[in-house]
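Q: Take a look at the letters that make up each chain.
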Amino acid sequence: MKTFLILGAGTGGTMVANKMIDILDMEEWRVVIVDRDETHYYQPGFLFIPFGTYSPADVVKPKRNFLPPQVDVIFSDIELIEPEQSRVTLGKAKKKINYDYLVIATGSHIHPEETPGLDDEAAWMKNVFPYYTLDGATKLGNFLKFWKGGRMVLNIAEMPIKCPVAPLEFLFLADWFFHERGIRDKVDITFTTPLSGAFTKPRASSILGGMLDDKNINLVPDYNIMEVDHGKQVIRSYDETEIGYDVLVTIPTNMGAEVIGNSGMGDELNFVPTNKHTLQTDKWENVWIIGDAGNLPASKAGSVAHFMLDILIENIHRDMEGLEPLPNFDGHANCYIESGFEKGVLIDFNYDVEPLPGKFPLPGFGPFSLLKESYANHWGKMMFRWMYWNILLKGGEMPFESQMSMAGKWK
Amino acid sequence: MTTLENITLNDDGYMTEPAQWTEELATALAEKEGITLTDTHWTIINFSREQAADSGAAPTLRQITKGAGVTTKDLFKLFPKGPAKKVAKISGLGKPEGCV
Ligand SMILES: Cc1cc2nc3c(=O)[nH]c(=O)nc-3n(C[C@H](O)[C@H](O)[C@H](O)COP(=O)(O)OP(=O)(O)OC[C@H]3O[C@@H](n4cnc5c(N)ncnc54)[C@H](O)[C@@H]3O)c2cc1C
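Here the protein sequences line up with chains B and A, keeping their order. In short: position in the first sequence from 1, add 9, done, that's the numbering used here. In short: position in the second sequence from 1, add 267, done, that's the numbering used here.
Straight-line Cα separation of at most 25 Å, BS3-like style, residue types lysine-lysine; simulated pairs:
(1) Lys-241(B) to Lys-340(A)
(2) Lys-348(A) to Lys-241(B)
(3) Lys-210(B) to Lys-362(A)
Source of the hints: derived by calculation from the structure; they are not laboratory data.
Could you put together the complete structure from these sequences and hints?
A: And the structure:
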């Protein structure tokens, strides 16, 4: 028997497991997937928890529900990967698995300890909250429910972060939430970011920046946080600019899984160096990447993992047949951005084409307005949760193409 | 000799023809940013150019601090206000990625 091993049963790993059982001859192959956590988190839903739109129960389901019975599922820590030996060691009973093919789907995770003072016990989860974890999002929700107003600061510690639009969405939703609660005039919202504008790409950055302005949200660009001084309730940048807060919402440094670093497979942030067009790792022919775990200059998002899927599967299949992988991944990303008041903005882009205005033609559902607020875009985002649980994870057909199309975009 | 007068910079201030880069030009580009280059500056510039030759992209802040062995705090003193971008400009490289 040959072994097809998948590390991580989040968005990417789950999709790959579902696809592989259709492709591989199960008499010849064993498909194994390992994850430490039995719960699958719908991470895009974390955004809505601080504002009470979703409750924690809306964003969790057992991982088993999404993995086919033919797949060998092991719940355990992954302790070490030895790519030269094609071998992985698990935490559970120090079990070793030899593989023929490996797909790494261990994602990206927040590391508040990278910023001095950020996770000090005196303030962490008291008036300093992350919302990139279910625990943080839930505690922030409890805090905001009773908050009387003051200075809210949202800080991005360092790029890259997963779902780079999520901070903007948080700000827009916060503005709406405080309006609804009738305390918007008592809340001062400030966004501090290491980027030079609201977002990474110029056209989108200027349009989204304008929306921050309209909503009276202060933007502090080029802000590189050095430390959090929770005694004084300020964040301090490397050039000694202090910004005061009453509640600090943080997007800490994002890094790949620790096991990647411990196995010597990652870059300085534990992301695995990967060919950005084929999804094969640079160093090991039988090791492939899906989702956030690689160092590709594409957005780290569930939609991107989905666009990688068919290309990855085809390339692995070709490799098994002795053919060269095709350089077909173009960095396609498609993100609904919640903008509050039941509206949203949609952006669609890839490595070469920045988000442009226009219409996104989605057969059966669309068209959706690009780079422009609309009610339909908000509805698209809310529909995404259903599609995620029912279609996307199971590797089903989504009404999106893997490669970006220029149809409907205005240049 | 290439001087500031006969090179072109794009809207963001990065050199459009990186092949024209010379050490003298770096000194001139640095002066334009108000920086007088010391040995430590040069360690960082040399590291960044090597890294870019390898990877095809200007290094991020974290890559510079880790690779050239300086602290982030010192890097901000050496290249005030946005060191990753300043290093890239002075080293004749494109805008640092890491922003996607
Ligand atoms: C607040 C927020 C909002 C978001 N909004 C959107 C959105 O609107 N649209 C969108 O497309 N994307 C969004 N995303 C991003 C999206 O959730 C991720 O990009 C996607 O889940 C990545 O999939 P993945 O398979 O790479 O990693 P994950 O789904 O994170 O899975 C990684 C898995 O690896 C496991 N693992 C890691 N290390 C180990 C180990 N050592 N041992 C055992 N198991 C391990 C983890 O337990 C986890 O199950 C959002 C994310 C956040 C946090």
